[in-house]
Amino acid sequence: MAHTRDTILPKLMELIEPLNRKAITLTADTSFASDLELDSLTVMDLVANIEDEYDIILPMNLLPELETIGQLADAVAKIVNG
Amino acid sequence: MGDLFDKFDPIIAEKAALLATGVNDPFNLVMEKVHSPTEATVNGRETILVGTYNYMGMTFDPDVIAAGKEALDQYGAGTTGSRVLNGTYQGHREVEEALKDFYGTSHAMVFSTGYQANLGLMATMAARGEYIILDADSHASIYDGCAMGNADIVRFRHNSVEDLDKRLGRLPAEAGKLVVLEGVYSMLGDIAPLKEMVAVAKKHGAMVVVDEAHGMGFFGPNGRGVYEAAGVEADVDFVVGTFSKSVGTVGGFVVSNHPKFEVLRLVCRPYVFTASLPPSVVATAATSIRKLKHAHNKRQHLWENSRKLHSGLKAKGFKIATETAESAIIAVLMPGQEACARMWSALIELGVYVNMARPPATPAGMFLLRCSLCAEHRVEQVDIIIDRFVQAAEIAGIPLD
Chain A
1 MAHTRDTILP
11 KLMELIEPLN
21 RKAITLTADT
31 SFASDLELDS
41 LTVMDLVANI
51 EDEYDIILPM
61 NLLPELETIG
71 QLADAVAKIV
81 NG
Chain B
1 MGDLFDKFDP
11 IIAEKAALLA
21 TGVNDPFNLV
31 MEKVHSPTEA
41 TVNGRETILV
51 GTYNYMGMTF
61 DPDVIAAGKE
71 ALDQYGAGTT
81 GSRVLNGTYQ
91 GHREVEEALK
101 DFYGTSHAMV
111 FSTGYQANLG
121 LMATMAARGE
131 YIILDADSHA
141 SIYDGCAMGN
151 ADIVRFRHNS
161 VEDLDKRLGR
171 LPAEAGKLVV
181 LEGVYSMLGD
191 IAPLKEMVAV
201 AKKHGAMVVV
211 DEAHGMGFFG
221 PNGRGVYEAA
231 GVEADVDFVV
241 GTFSKSVGTV
251 GGFVVSNHPK
261 FEVLRLVCRP
271 YVFTASLPPS
281 VVATAATSIR
291 KLKHAHNKRQ
301 HLWENSRKLH
311 SGLKAKGFKI
321 ATETAESAII
331 AVLMPGQEAC
341 ARMWSALIEL
351 GVYVNMARPP
361 ATPAGMFLLR
371 CSLCAEHRVE
381 QVDIIIDRFV
391 QAAEIAGIPL
401 D
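Chains A and B supply the protein sequences, listed in that same order.
This note's numbering numbers the first residue of the first sequence as 1 and each following residue consecutively.
This note's numbering numbers the first residue of the second sequence as 1 and each following residue consecutively.
It is worth saying that the hints were derived from the structure and are not from the lab.
Ideal Cβ positions, reconstructed from N, Cα and C, are used throughout, including at glycine.
Do not take every clue at face value.
[As the list claims (entries may be wrong)] Subject to a maximum C-alpha distance of 27 Å in a straight line, what follows is the list of computed DSSO-like cross-link-like pairs (lysine-lysine):
id: 1; chain 1: B; residue 1: K308; chain 2: B; residue 2: K291
id: 2; chain 1: A; residue 1: K11; chain 2: B; residue 2: K166
id: 3; chain 1: B; residue 1: K308; chain 2: B; residue 2: K100
id: 4; chain 1: B; residue 1: K7; chain 2: A; residue 2: K22
id: 5; chain 1: B; residue 1: K260; chain 2: A; residue 2: K78
id: 6; chain 1: A; residue 1: K11; chain 2: A; residue 2: K22
id: 7; chain 1: A; residue 1: K22; chain 2: B; residue 2: K308
id: 8; chain 1: B; residue 1: K15; chain 2: B; residue 2: K100
[To be verified] To be clear about the criterion: a stretch of chain B counts as covered by chain A if any three or more of its residues have a C-beta under 8 Å from a C-beta of chain A, and this derived list gives those stretches:
id: 9; region: 167-179
id: 10; region: 358-370
One chain only, chain A, in its complex shape:
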């Protein structure tokens, strides 16, 4: 099955949910820094888990541009289908 933004987004939310310590409602617009307040070590673990889920590489230098879960889903879709 091809991965699209619509299949990737719920999977990302599933991976992010354990890190959602403030128990906010996750949407495509949820921001990693200001809404989830993830520290760099948590982000590192999350990135590694996403990489392993899709068997891809998500280069570290790409991360500063990805502010929301939706943007991350787009980036993953692009890499998976690229």
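Starting from the known structure of chain A, arrange chain B on it as the hints suggest.
Here is chain B on its own, set in the frame of chain A:
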């Protein structure tokens, strides 16, 4: 109008709250007098130093000091110039010769600090479309060098051979790759499984750099580092190191056998756009490196000290980051920031200096009291350090097992 300093308010508040508990400031200590590699006066008190990375105790070696004084007299206080312009003196050449001899390599390049050596190598060696693959627990200088360059940066889980293999396998086979490893990881004092990691890197066609900042002087038959002890010298493309630990002064270097290595002197910005080391510094470094090559007894005593401190603290109920003494760094785990600062402060009052380390420098949010042993520590000093750790734990209310 916004004050640009406002973004640091959380850090300012955190520090103020910590100091309000009455502890000494762990990040604002002054060594008033330094008597030897292992003793100083701090807050007017005679203090045993066990947090200086001065592994081989070369800072007060009489030959090293004499070489520095002579160079100061003959060549002056500083070079006032870049290595590629007026800043390469006879001494810079000589310390590079000493490094080539110590490491058995055909090339050596000296930078003004170890930080700049990593900054320069990472930023220069991998360009756009190429990859740097680094351990998640890499030193800040490695991360900063990656941020300065244009390569794609890929992290693997700390010391995981499997994770490195998996991530290398996902990269385009034809792309240039640099795998960055450290012999000793300085926060926890654990060593890398270099034999396995270097084999995996080579299987995927990557070049390999090993940072031996905390391994030089006492790992391997010639004291070259963990990579020598692991027997992987032939497969390591670059070794990065520093003069500010076992060598006992300041400066950084890269050694290599690559036939095109010398081009780095022209393209590596942290090498070109800064002043070179003062003549006295390179003279002390060259003398120290030549002596380190033959310092077999010192090496052996350093290992004895490290094992003694590890087993001694463990027996008293302290939690140590490594199961055994893997290096000359013994990292004692503390339950949290306040407890860590109280314990550090109590140790200073008792006359023992260790490093306090905390996130983001430490992995996994750990708070550590990091001891680094010296070959010049006497056995009795190690006993005193262990006794004072126990006293400090009682004062600071740290539970022991």
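Hint check results:
A distance of roughly 25 Å separates the Cα atoms of K308/B and K291/B; the hinted pair therefore holds under the 27 Å criterion. For a cut-off of 27 Å, the pair hint linking K11/A to K166/B stands: about 21 Å separates their Cα positions. Distance restraint check for K308/B and K100/B: the Cα-Cα separation of roughly 34 Å exceeds the 27 Å cut-off, and the hinted pair is therefore not satisfied. Distance restraint check for K7/B and K22/A: the Cα-Cα separation of roughly 22 Å lies within the 27 Å cut-off, and the hinted pair is therefore satisfied.
With a C-alpha separation of about 37 Å, the suggested pair K260/B and K78/A falls outside the 27 Å cut-off, and the hint is violated. With a CA separation close to 19 Å, the supplied pair K11/A and K22/A stays within the 27 Å bound. A C-alpha spacing of about 45 Å is found between K22/A and K308/B, which places the hinted pair above 27 Å, so the restraint is violated. A threshold of 27 Å between alpha carbons decides the hint, and for K15/B with K100/B the separation of about 45 Å lies outside it, so the pair is violated.
Remark: the region 167-179 of chain B is confirmed as covered by chain A, as 3 of its residues place a Cβ nearer than 8 Å to a Cβ of that chain, reaching the required three. Counting residues of the region 358-370 of chain B whose beta carbon lies closer than 8 Å to any beta carbon of chain A gives 5, which meets the minimum of three for the stated coverage.
Of the numbered hints given earlier, the model fails hints 3, 5, 7, 8; all others are met.
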